[in-house]
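A.B. asks: Read off the chains here:
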Amino acid sequence: MPTSISDEWFALESLRKSVEINPKWGLSQFVLAGALGLAGLLAEAAEVCAVAQRLAPNFTIAKFRAEAVSDNLVYRAQREHFCEGLRLAGAPEG
Amino acid sequence: MMIPGPPPGIYAGDGAAGSDQPSFNAPDLPPTAPPGGETVVTYADFAGALRDALRDYHSADLLARNPLLHGGIGNLGSSAGPLDLKALLSETVNTLFGNPRDEKLRRVIELTYFQPAPKQEAVADRLALSFGTYRRYLTTARERLARWLWESSQLAPVRPELPAMEPMASGDKPASDPASPRLSVVVLPFLNISGDTRDDPFVDGITETLTTDLSRCSGVFAISRNTAFAYKGKPIDTRQIGRELGVRYVLEGSVQNTGERMRFNAQLVDAESGAHLWADRFDKPRADLLDMQDEVTARLARGIYIELIAAESRRAVREHPDHFDSVDHTLHGWAAWNQHLSLEAARKARDFFDAALRLDEHNVGALLGFAKAHVWEVNMYTSDDRAGQNRAAEVAVTKALALAPDSADAHLTYGMVLFAMRAPERALREFEFSVTLEASLATAHAYLGLMKVFLGRARETRAHVAEAMRLSPRDPLLFLWHFFIGVADIHLGRMVRA
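Chains as they are written, first to last, in my numbering: chain F, 14 to 107; chain V, 112 to 609.
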């Protein structure tokens with residue numbers, strides 16, 4: 014089993030791996046759903062999002078946006094873009 | 112606490128007159144009452160005396176008056192002199208900081224005390240460190256040295272007997288002494304299976320470094336390597352070894368050189384039942400041996416630590432399910448934490464740590480677990496009381512840091528609390544400091560990488576997280592580290608392969 018990461022891996026592969034190892038953690042499921050949303054894989058995004066909501070019932074896009082970790086502009090801009098993915102996956106707005 | 116005349120050290124050279132027990136290092140010395148004057152009584156006194164001993168390293172007269180010589184540390188007999196103390200200090204520094212990753216700590220002590228420059232500023236210059244960083248290294252090195260020597264003279268449950276001696280009649284006493292420390296383990300000398308004696312130093316190095324790595328894990332009592340090496344080449348009876356050393360667990364391992372690769376095997380055995388609890392087996396390409404040593408022992412230590420916690424929490428349920436003490440609750444908390452972590456598991460762990468703290472508010476492991484469990488909820492955006500949970504975590508970690516200022520895990524936890532408080536730059540510094548204290552602390556590397564995402568440096572994340580995975584490829588938090596890399600890739604727009 015390859016345990017260390019490959020440079021060939023992109024976000025979806027790492028997130029899928031994370032969820033495969035531990036399917037019980039809500040946040041990785043939400044983030045996978047958002048990444049699938051951005052990648053245009055909407056059916057799978059919705060499925061993953063439904064699982065995520067059961068695991069982390071308090072998670073909302075509003076909460077996610079309000080609790081940004083820093084004011085760094087690069088980070089903020091990238092994060093706003095990601096919220097689009099969460100919306101496309103059907104995460105609750107809050 | 113008063114230290115009795117003969118030192119309670121784990122080495123046999125304790126000065127028992129007429130003893131026919133072979134001693135490991137020190138010559139047999141006649142028992143003498145401690146010379147009048149100061150006797151070391153508390154850890155603070157001990158650490159102070161050690162600091163003085165380092166400062167007075169080149170003055171036999173001053174060393175002769177040092178209370179350490181009269182309190183008994185390490186393998187010093189009660190009539191040992193300044194030269195013995197000097198030898199003990201330099202040998203301990205070499206052993207404790209023998210791993211390449213602790214090179215700076217060793218150099219700092221050497222250049223400050225053993226071959227001193229006229230001024231500390233000059234030492235900092237020579238090591239190409241800023242004065243502040245140099246002072247930090249010095250404090251860390253001194254603290255680790257003090258703790259190591261203190262524990263080796265205080266915590267040892269029994270004096271070992273050499274395995275060559277008369278075997279103890281089985282059934283004399285219970286296999287596992289209830290008084291033996293819960294997470295007590297001896298790392299037996301790894302076997303060099305291929306038999307090429309040129310590999311012996313490397314194989315012995317694995318045993319030594321693994322012992323050091325384990326002794327750094329919170330709550331673990333690892334028998335010193337000197338004692339463990341007395342079992343080298345002897346037939347292994349784990350139950351007998353457990354009785355002789357007063358440990359609950361025995362770790363056996365081997366290294367096999369197959370030419371291009373080295374194969375490592377290790378297994379953890381319950382010394383009471385003889386049951387095999389855990390095993391790991393893996394190959395490494397025979398590249399840079401020193402790098403490999405570090406990687407091998409970090410991986411083994413983490414796996415063993417996780418299994419020790421699980422085994423001891425099972426034992427508590429088996430042996431005294433109705434009266435858990437603070438340590439039992441803490442072990443249960445960590446055992447829950449080491450499962451596949453979910454919101455539910457994190458809350459369950461938190462309840463255990465909470466129960467532990469109600470019984471002992473100074474339990475450092477429980478304080479750190481309590482803080483981690485609270486901020487975990489915050490950091491996964493599921494807290495309904497962000498400010499309250501952050502506050503609870505901050506109080507706990509501050510207290511832990513006051514009790515254990517040089518604990519890498521305490522700094523790691525403080526970093527996680529700062530992350531929850533949305534202070535990623537300060538968190539980053541804590542993670543960096545945590546790694547200077549303990550380079551093999553995989554989780555700290557991973558979080559260090561994550562912080563860079565929040566600082567607009569997501570490109571750097573992967574290398575840090577990869578280091579965590581190298582050090583602990585089967586970690587219970589592996590899922591989290593893959594997640595960190597995924598998050599960094601999202602920020603870099605690396606969504607799917609084109």
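Any given hint could be a false lead.
Straight line, CA to CA, 30 Å or less: simulated DSS-like cross-link-like pairs of lysine-lysine [claimed, not checked]: (1) V:Lys395 x V:Lys215; (2) F:Lys76 x F:Lys37; (3) V:Lys215 x V:Lys230; (4) V:Lys459 x F:Lys37; (5) V:Lys197 x F:Lys76; (6) V:Lys197 x V:Lys230.
No lab work stands behind these hints: they were computed from the structure. Note that this is a predicted model, so its numbers are computed, not measured.
A.B. asks: Which numbered conditions among the earlier hints are violated in the structure presented, ordered from lowest to highest?
C.D. replies: Of the numbered hints, just 5 does not hold.
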